[in-house]
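> Going line by line, the protein sequences match chains V and R.
Here our numbering is used: the first residue of the first sequence is 1, the next is one more, and so on.
Here our numbering is used: the first residue of the second sequence is 1, the next is one more, and so on.
Hints were generated in silico from the structure; no laboratory data involved.
Ideal Cβ placement from N, Cα and C applies to all residues, glycine included.
There could be a bad hint or two in this list.
Chain R stretches covered by chain V per the calculated footprint, using a threshold of three residues with CB under 8 Å from any CB of chain V [said to hold, decoys possible]:
id : stretch
1  : 360-372
2  : 603-610
3  : 631-642
4  : 683-692
5  : 698-704
6  : 773-781
7  : 825-835
Straight-line Cα separation of at most 27 Å, DSSO-like style, residue types lysine-lysine; simulated pairs [claimed, not checked]:
id : chain 1 : residue 1 : chain 2 : residue 2
8  : R       : K550      : R       : K40
9  : R       : K22       : V       : K455
10 : R       : K785      : V       : K448
11 : R       : K22       : R       : K1073
12 : R       : K729      : V       : K22
13 : R       : K762      : R       : K604
14 : R       : K749      : V       : K448
15 : V       : K221      : V       : K464
16 : R       : K729      : R       : K604
17 : R       : K729      : V       : K23
18 : R       : K340      : R       : K316
19 : R       : K286      : V       : K308
20 : R       : K748      : R       : K619
21 : R       : K558      : V       : K5
22 : R       : K619      : R       : K749
23 : R       : K1073     : V       : K5
24 : V       : K455      : R       : K858
25 : R       : K748      : R       : K863
26 : V       : K4        : R       : K558
27 : V       : K22       : R       : K604
28 : R       : K40       : V       : K5
29 : V       : K308      : R       : K973
30 : V       : K308      : R       : K972
31 : V       : K113      : V       : K203
32 : R       : K330      : R       : K477
33 : V       : K162      : V       : K448
Short, incomplete list of chain V residues facing chain R, as computed with Cβ under 8 Å [stated by the list, open to error]:
id : residue
34 : I25
35 : S34
36 : S37
37 : A39
38 : I44
39 : I102
40 : M105
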Amino acid sequence: MKIKKYIWLSTLIAIVIISSCKKWIDTNINTDPSHPSDATIDLILPGTEATLAYTIGGDMLYAPAIWLQQNAGVQSQMEDKEHYLESEADVDNMWKFDMYAIVMMNLHIMIQKANALSSPYYTGVGQVLMAYSLGTMTDLFGDIPYSEAFQGSANLTPKFDKQQDIYADIKSLLDSAVINLSASSSVYSPSTNDLIFGGDNGKWIATAYSLKARYAIHLSKINGNSAYTDALVAISAGAISDASDSSDCEFQFGQASINNSPQYLFDVGRPGYLVMGALIIDSLNSTVDPRGPIYADTAVGGILVGSKPGELNGSASPIGALFKAPDAKVSLVTFVETKFIEAEANFQLGNLAAAASAYNAAVIGSLTKYGVRNAAWENTYANETAGTITLSKIMFQKYLGLYLQLEVYNDWRRTGIPGLLPSAGNVTNNVIPRRYPYPASERLENPKNCPAGVKITDRVWWDKAK
Amino acid sequence: MTFLLIVCSQLLQAQGSQIKGKVTSSEDGNPLPGASVVVKGTNVVTITDAEGNYTLNAPQSANSIIVSFMGMQTQEVKIEGQALINVVLQPSVTGLEEVVVTAIGITREKKALGYSVQAVSGDNISNARQPNIINALDGKVAGVQITNSAGVVGASSYITIRGVNSITLNSQPLFVVDGVPIDNSMIYSGNPDNSSNNLVEGTAYNNRASDLNPDDIESIDVLKGGAATALYGLQAANGVVMITTKKGAAGKGNAFSVSFNSSVEIDQVSQMPKMQTKYAAGSNGKWIGPDVGTNKSWGPLLDTMRFDGSIYPWDKNGQLVTAKQKPGGKKAIAYDNVGKFFQNGISYNNNFSLQGGNQSSNFFMSYSNLTSSGIVPNNTYDKNTLKVSGESNLTSKLKISGSAMYVNTDGNSIQQGSNLSGVMLGLLRAPVSFDLANGYSNAADQPKAYMFADGTPRTYISAYDNPYWTVNENKFKTNVDRFIGSYNLTFSALDWLIFNYRFGNDVYVDRRFGYYAIYSQGGDDPGLGSVQNDYHFNSILNSDFTINIKRDLTSDIKSNLLLGQNMYQAYGQQVYMEGNGLNIPNFYQISNTSSQLTRENQSKKRTAALYGDLSLSFKDMLFLDATFRREWSTTLGADNLAFNFPSISCSFIFTELAGLKNDMLTLGKLRASYAQTANDAPEYYTRYYYTLATYNDGWTNNGIAFPWTNGIGQNINSFVTQGILGNSKIAPERTNSIEVGADLNFWKKFNLGFTYYNNQNKDQIILVPLAGSSGYVSGLMNIGKMENKGVEISANFIPVKTKDFDWDFTINFSKNVNKVIALAPNVDAIQLNGFTGITIEAVANKPFGEIFANSFIKDSKGKLVINDDPTDPGYGYPIKSDIQVPLGSYLPNWIGSFTNNLSFMGLGLTFLIEVKNGGLMWNGTLSRLNGFGTSQVTEDRGTTATFSGVKGHLDVDNNLVSSGAANDIPAKKSQYYYSTIGGGASPAQDQFVQKTDWVRLRDITLSYTLDSKMLSGVKIIKSLSIYATGKNLFLNTPYTGVDPETSLTGATSSQGLDYFNMPGSKGYTFGLKVIF
């Protein structure tokens, strides 16, 4: 009798338990309430712009700026870069976590979504930024994945495309961007969420043409005169022509502590690691260049001092306040650069007057940009004519004008200007690095495709040895 | 739940019979208070009172009672209608008569177990006087490894059982208090966007099991292997620490007793790196004063320097000049910054408890207070615990019991590690010519020591905070309010059928408030000041319903079947607010900042399970136990929601066989088990998510984050993918474990336990790093394999046991061999934590926790290559390679302990010696101190050495060119050498990876106890004891940094990093314990 009762009780309990179990295990519980499952194109764009600018104005720039002796590394990891120690671990963050996983992946998604949403203005902006990203990456790393990249689990080990193919991709992306940005309408359009141009298509189109000119002239060692012709064609098609700097493709960092510029954060996080290089400071000093006090802060004694290559002079001038301000700008491509490209291309094609005039405009543009126009100085240094203009003047003024921009590293590899003395104590037998190593992460995680045995003294495809 | 209560209340049935009695010891006839009396086959249990008396209500169907007491043989007495049963217990000689608590809180005789379980008594826990309960287990259980992360108060301890079982998930055991799983996480703070970078900076954080009051504990049973834990399922993949808290003793009338335990402890630094005392601040032999600022101690010899006597805000004696410039000036002083900075930590620990009961009910109540200040000034940790528990037999069939514990902890922890505000960083880098304390003996309380009149910091280089500044101006306060409750209802329907329902919850709020003053170098906006509020809410709900069916199948074969159902939920929420750029100095409020950042994260998971346990015994000689659990977890892929945990174990007492029992081998038991256990996936990895756009390039504390203020002042937000590939098919990690062992007793004086186990961990859940070019940085996969094989030996000797003199000692030895067998395709290594050039990794075919470091270049014969290129600044020195190589794991080869107990006429001496063999640690502190010239090593500066090795160099293509000729190039131990090759920010780090073998006197206690007989004049006092304990008084280790028991990342599996870690401590405790 009793036992029957307990069997009845147990059965009842079992029913209750099994039914409560099913309710208890609801798979929706495993949906993260703190993160969205999707994001719209207007939310994707600003993050990619900021992340791109943060890396090209910081992590990616530190070593080339030291190698080109605009800056000098005098402490710790920057001292290593001064000695041309650049390991495969040093480039992991910029390659993997920044450029591929955030910037290019999200641009790729944004372009796809924009196409599906008939929003060519978003597609166009995405293509300009993608072309810029690919160009920056291939110039530093040579062959890189693109045609098979961003496919996630469909292809976890993309092949590496040849640099010449990447250059073809850049060109077609920019051409397509111009078409998209010129479309008569777009369902969705970038506006205030475009942190670079606020959705101004005209400025994006000019940027696309300036980039076309840049990537054309990068091939000067390969293509010879057609590189210069291509560059000039692109410039005349509508590259940045506004000397007021409001059309420069630049990213403005902010005062809020989460919006600060990379150079500012580096300076507070790694104080004293970087100072000014002697090459640029000596030149600024020798001509009493009005940009001197902008580029550099004074050292002890109120003068501008640069650290000689390998000297590790910790009391040399710090980088100028403008460049390490919390809300500093990072330049992607500018009027000044466009004018220097025009000057170089014309010079190489024998159009010396046009070269001199573009050169003068570029130098004055640089002074204008930093608000330090100086008639007397310009009269001496921005007053070239067909008879006085030289390639080394063009390239050296470009080196001065594009302070803290990656482009000077490309120019040096193409033209050998400025002439550089290897740093004392370098570990590469006096060979100044000509590229970045491939990152350790890509070597380990994409082993069958990532080129092996590449050294930082090797040359990328367009950097043909003469 | 409601339903069950209604059903049960209808079934309240007739009374059983009352049984009373007294339990005494056969040795001296003294009563045994706290002995447990169980009605066999029921959940009716009581504990004897201070006079050894018990009373209980046995169901009519009850046949016998089982009486057990730690250290005594368990006895079963037939009831046969008796109302008074006095029991005399014999001392335990084999240890196997003990009753231990196994999974789901089932008490079992140790001899019936086919796997190893080790119990630690509450007295052993309490007597260790360790505020963190994990530390109290140190050396007491074979197979358990414990690492105390630092000697500061409120620091965490890391515990693993039988090695590290999961490559990337938690490897620490589950903590269960009175049948309720509790949280033992170590939550670290800092901007959540920085993730695990926060682990190497910030402060020490506590692990939550330390909230328990050690004086509340009756016993701890450590379940080690898969068979012991399989019934617990998912959460118990790494073993279980079963904690049973004290209960009141039932007695006649309203008997109760009061106990009071009060102690004071003084702590000191146990070991510090050795510092140089000869050279002043400066570089290349030239003096650099603090007015210019330097962190280098490469200046002139102090002996050659004189104070000029001028007014100099950095030194009351004036500025340092050369002896020539100021002949007869006061000689320069080597200030003892390190010695002066640390203080005696003082802790007061008071514990008060009250217990008692009557025939049907009992209660226990305790209050404890710990007030401690650490060896670092202003480091505090206070804990108050309040606990009430009680049980009552409402009828002979229905028992309710429950317990409620409230804990509040409150403390201030100090910045440490890789952190410009870290006190060890600022302290050990200080040149000996700079007086951090500015001549004050109470510098930590004297603002003039670390602050100029205008409020700016007084330090030797503006990049680092003066440690006295940090302890005063950079606070990090934590306050935890926690409630743990357990509610239990037992219905003994029949003598062979028992229903039990238990519900438990563990809820806490951890509120953290930290700030950096203006001018501080730490925090997210160095120099400008910042405020952080970091709130964590966590809760665990656990419900277990069991049916126990016990039947004797024949007179020889007995069976017990347990069926159960479990529901579990864990929920966590974090709200983080950070404000940067203080407007009003010294006013630390989010509203007083120029910019703010907020983050909110939640996590929730549920599991449900059905389980069963069938035990069979044959003639008290052969025991067989089979368990099965089927569990569902919400964190798994929809196709893999449910999974099974089977186990089978067997115990064979072969000395029960006729003819095998003899005087030498008094007891022999063989045991074997097999089990499958599992660990589920972390929450929210079954799909793909977008995240707020943030990025940090690794150079700075915080990078960038949205929202962004655009050119026209609008706030723009952004969500992007950051490349974590979800997995909708994720399944649990699996462990197959085999365990065999023997327990032997010889001459009734010597117990030997031996266990061998082999745990194969497969389908390890790994966030596999992916090629960035795929667009993803990592993806969650079931892919890794790892194994842990090992032996555990536990030996206990009782050389002397007489009425007045007892001597016993125990040796525990354990050796675990871990090997990562495979990670993922294309993945040879997974980085757990570390710095550039030095990382802790899981590497295929190596033990877990391999330390990877870049090393010096060696030739094909393994000889160091010495640079023979005279044009190179590295001429004559070894050459650094950029390739990181594995050097060995932080895991030890073996650990052993020796516990000795002597007692004579109330006088007791106990000590515990621990030995650890093997295991490596990166002494990153030394690497940096060499570079700065503050380590004692650099006192040989200027001397010339010929490094042993072969001559060679690297050519343009980085190929080694070496003739193989022995090196004969003399090279100077110069500043260049110590800051780039023999130390500095990025030297070959292999030279700083050191052995951490140790022998230490973990604790030693001398006590004197007066029992009731001795105190017969003072009726009110039942027992009184005084004791003195020393902790860590002796340490022998080749490690040259702080105490080698240290962990920069606290209670995580990335041990083995010492980068300006806080030192360890040694302590002296004096206490008094009275029972009324």
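> Against each hint, give a clear statement of whether it holds in the structure.
Hint check results:
For the stretch 360-372 of chain R, the assignment as covered by chain V is violated, since 0 residues bring a beta-carbon within under 8 Å of that chain's beta-carbons and 3 are needed. Only residues whose C-beta sits within less than 8 Å of a C-beta in chain V count toward coverage, and the stretch 603-610 of chain R has 6 of them, enough to reach three; the restraint holds. Counting residues of the stretch 631-642 of chain R whose CB lies closer than 8 Å to any CB of chain V gives 6, which reaches the minimum of 3, so the coverage claim holds. Counting residues of the stretch 683-692 of chain R whose CB lies closer than 8 Å to any CB of chain V gives 8, so the stated coverage by that chain holds, three being the minimum.
Counting residues of the stretch 698-704 of chain R whose CB lies closer than 8 Å to any CB of chain V gives 7, so the stated coverage by that chain holds, three being the minimum. Restraint check on the stretch 773-781 of chain R versus chain V: 6 residues with Cβ-Cβ distances below 8 Å, three needed, restraint holds. Residues of the stretch 825-835 of chain R with a Cβ under 8 Å from some Cβ of chain V number 4, which satisfies the need for three, so the listed coverage holds. Annotation: proposed proximity of K550 of chain R to K40 of chain R holds, straight-line Cα distance about 10 Å (limit 27 Å).
Under the criterion of a C-alpha separation no larger than 27 Å, the hint pairing K22 of chain R with K455 of chain V is inconsistent with the structure, at around 84 Å. A distance of roughly 23 Å separates the Cα atoms of K785 of chain R and K448 of chain V; the hinted pair therefore holds under the 27 Å criterion. Only pairs whose Cα atoms come within 27 Å are accepted, and K22 of chain R paired with K1073 of chain R is accepted, the gap being roughly 25 Å. Restraint check: the Cα-Cα separation between K729 of chain R and K22 of chain V comes to about 20 Å, which is no more than 27 Å; the hinted pair holds.
At roughly 25 Å between alpha-carbon atoms, K762 of chain R and K604 of chain R fall within 27 Å of each other, so this suggested pair holds. The hinted pair formed by K749 of chain R and K448 of chain V fails the criterion: a straight-line CA distance of about 64 Å is larger than 27 Å. A threshold of 27 Å between alpha carbons decides the hint, and for K221 of chain V with K464 of chain V the separation of about 6 Å falls inside it, so the pair holds. For the hint linking K729 of chain R to K604 of chain R, the alpha-carbon distance of about 19 Å falls within 27 Å, and the restraint holds.
The suggested pairing of K729 of chain R with K23 of chain V holds, with an alpha-carbon distance near 21 Å, which does not exceed 27 Å. Annotation: proposed proximity of K340 of chain R to K316 of chain R holds, straight-line Cα distance about 17 Å (limit 27 Å). Note on K286 of chain R and K308 of chain V: the hinted pairing holds, with a Cα-Cα distance of about 21 Å set against a maximum of 27 Å. For the hint pairing K748 of chain R with K619 of chain R, the CA-to-CA distance comes to about 22 Å; that is within 27 Å, so the pair holds.
Distance check on the hinted pair: K558 of chain R and K5 of chain V sit about 24 Å apart at the alpha-carbon level, within 27 Å; holds. Taking the CA atoms of K619 of chain R and K749 of chain R, the gap is near 25 Å; set against the 27 Å cutoff, the hint holds. Pair hint K1073 of chain R plus K5 of chain V does not hold up; C-alpha atoms about 52 Å apart against a cutoff of 27 Å. Between K455 of chain V and K858 of chain R the alpha-carbon distance is near 20 Å, which keeps this suggested pair within the 27 Å criterion.
Restraint check for K748 of chain R and K863 of chain R: the C-alpha separation of about 57 Å exceeds 27 Å, so the hint is violated. A threshold of 27 Å between alpha carbons decides the hint, and for K4 of chain V with K558 of chain R the separation of about 23 Å falls inside it, so the pair holds. Taking the CA atoms of K22 of chain V and K604 of chain R, the gap is about 17 Å. The hint holds against a cut of 27 Å. Restraint check for K40 of chain R and K5 of chain V: the C-alpha separation of about 23 Å stays at or below 27 Å, so the hint holds.
Of the pairs offered as hints, the one joining K308 of chain V and K973 of chain R holds, with about 25 Å between alpha carbons and a cut-off of 27 Å not exceeded. Between K308 of chain V and K972 of chain R the CA atoms are separated by roughly 24 Å; this keeps the pair inside 27 Å, and the hint holds. A distance of roughly 23 Å separates the Cα atoms of K113 of chain V and K203 of chain V; the hinted pair therefore holds under the 27 Å criterion. Straight-line distance between C-alpha atoms of K330 of chain R and K477 of chain R comes to about 43 Å, which puts the hinted pair past the 27 Å bound.
With a C-alpha separation of about 15 Å, the suggested pairing of K162 of chain V with K448 of chain V holds against the 27 Å cut-off. Interface hint status for I25 of chain V: upheld, as the beta-carbon distance to the closest one in chain R is roughly 5 Å, under 8 Å. For S34 of chain V, the interface hint holds, the least distance from its beta-carbon to any beta-carbon of chain R being 5 Å, beneath 8 Å. This hint holds: S37 of chain V has a C-beta 6 Å from the nearest C-beta of chain R, less than the 8 Å allowed.
Annotation: A39 of chain V was flagged as interfacial toward chain R, and the flag holds, the nearest CB pair being 4 Å apart, inside 8 Å. Interface restraint check for I44 of chain V: the shortest CB-CB distance to chain R comes to about 6 Å, inside 8 Å, so the restraint holds. Evaluation of the I102 of chain V hint against chain R yields a held restraint, the C-beta minimum of about 6 Å falling below 8 Å. Nearest Cβ of chain R to the Cβ of M105 of chain V: about 4 Å, under the 8 Å cut. The hint holds.
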